[in-house]
Amino acid sequence: MSIARVIRLINQMQTDGVVERYAIGGAVGATFYLEPVATLDVDIFVAFRQQPGEIITSPSPIFDYLTARGGIIEGEYIVIAGWPVQFLPPTSPLVEEALAKAVTVEVEGTPAQVFTAEHLAAIALQTGRAKDHARLLQFIEAAVLDTRRFQALLQRHGLVERWQAFERKFLQGES
Amino acid sequence: MTFDLQRIIESKRAWRRALAQRPVSEKLAMLDALRDRTRAIRAAASRLNVSSPARPEDGIKR
Numbered sequence: 013m014s015i016a017r018v019i020r021l022i023n024q025m026q027t028d029g030v031v032e033r034y035a036i037g038g039a040v041g042a043t044f045y046l047e048p049v050a051t052l053d054v055d056i057f058v059a060f061r062q063q064p065g066e067i068i069t070s071p072s073p074i075f076d077y078l079t080a081r082g083g084i085i086e087g088e089y090i091v092i093a094g095w096p097v098q099f100l101p102p103t104s105p106l107v108e109e110a111l112a113k114a115v116t117v118e119v120e121g122t123p124a125q126v127f128t129a130e131h132l133a134a135i136a137l138q139t140g141r142a143k144d145h146a147r148l149l150q151f152i153e154a155a156v157l158d159t160r161r162f163q164a165l166l167q168r169h170g171l172v173e174r175w176q177a178f179e180r181k182f183l184q185g186e187s
Numbered sequence: 027m028t029f030d031l032q033r034i035i036e037s038k039r040a041w042r043r044a045l046a047q048r049p050v051s052e053k054l055a056m057l058d059a060l061r062d063r064t065r066a067i068r069a070a071a072s073r074l075n076v077s078s079p080a081r082p083e084d085g086i087k088r
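These protein sequence lines are chains Z and F, in that order.
Heads up: the first sequence runs through residues 13 to 187, numbered per my numbering.
Heads up: the second sequence runs through residues 27 to 88, numbered per my numbering.
FYI, nobody ran anything at the bench for these hints, they're computed from the structure.
A hint or two may mislead.
[What the hints assert, rightly or not] Cβ pair distances, simulated, as ranges:
(1) F:Ala66 x Z:Glu153: 38 to 44 Å
(2) F:Arg39 x Z:Arg160: 43 to 49 Å
(3) Z:Ala80 x F:Arg33: 24 to 30 Å
(4) F:Arg39 x Z:Gly29: 27 to 33 Å
(5) F:Ala70 x Z:Asp28: 20 to 26 Å
(6) Z:Leu100 x F:Phe29: 44 to 50 Å
(7) F:Ala66 x Z:Gly170: 38 to 44 Å
[As the list claims (entries may be wrong)] According to the in silico footprint, chain Z covers these stretches of chain F (three or more CB under 8 Å from chain Z):
(8) 30-40
(9) 55-62
Glycine included, C-beta positions come from ideal geometry on N, C-alpha and C.
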C-alpha cells in the first residue's frame, strides 16, 4: 500500500494523454504542507480530456486505463496500490483555479501536482464541514499561508464574509 | 513531568510543527501507516459491534 505508487501511476496516465491535468487535493494534498492526518482515500482533481463531439465529459477513459493496470472499481472509487482514489472534476470556479494553478512538488524524484496551500485552505473554508474547519485551523496554526495570496483568493471567490465569520468563531482571542 | 496545561498544549504544537516539516515522502509514508492502523481499528470495532472510534473531526473521510 503506497500513495507514492498512486502518484506514479497518475503521472503515467497524464503522460499517456488520458487526462490533461491533475492535482491532489483533500487530506493527502494538505499533507504536503501540514502534519499528516489519517484519511482513508485520495482525492484527485482532474481536467478531463474531452472527446470530439462529446458534450458531457466522462471519467470512463480514466477507469478503463486504471483497471487495465490493476485498479479495482469500488463504487465511486478506484482502488490503486491499496488506496481508494476518487477522481473529481472541478465543480466551482475556485476549484478550477486551484487545478490551473497547482504546483509540482518532487517526492523522491517523482513529480506530484498538488493544490497550493492557499487554494486548499480556501476550498476548506468554502466546503465548511467540521473537518474542513479543523484543516483550515491547521493551515493557520502552521503559518504556511501567504496572507496576501489567501486574501486575494477570498476576494475573488466571494468568501470574505465566510472568512470573517470563521475568524469570529475560531480565531477570536488568538494572537 | 508536570500538568501545566499551557506547556502541554505548546509541546503538542511543537510536535505538530516538527511533523509538518518532515520531508513529503516521509509524511506520505506516514499516511500509508495511519490508514493501515485506522482500518485495523475499524475492523476490530466492527467485530466488537461498537461504533468506530474515528470521528469526523479526526479528519477521517469515510
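Against the structure, the hints come out as follows:
1. F:Ala66 x Z:Glu153: 38 to 44 Å: 29 Å, violated
2. F:Arg39 x Z:Arg160: 43 to 49 Å: 25 Å, violated
3. Z:Ala80 x F:Arg33: 24 to 30 Å: 55 Å, violated
4. F:Arg39 x Z:Gly29: 27 to 33 Å: Hint violated: Cβ distance 45 Å, outside 27 to 33 Å.
5. F:Ala70 x Z:Asp28: 20 to 26 Å: 41 Å, violated
6. Z:Leu100 x F:Phe29: 44 to 50 Å: For Leu100 of chain Z and Phe29 of chain F the Cβ distance comes to about 45 Å; the hint holds.
7. F:Ala66 x Z:Gly170: 38 to 44 Å: 43 Å, holds
8. 30-40: It is violated: at least three residues are needed, and the segment 30-40 of chain F offers just 1 whose Cβ sits closer than 8 Å to chain Z.
9. 55-62: With 7 residues in contact (Cβ-Cβ under 8 Å with chain Z), the coverage given for the segment 55-62 of chain F holds.
Violation of the numbered hints given earlier is confined to hints 1, 2, 3, 4, 5 and 8; the remaining hints are satisfied by the structure.
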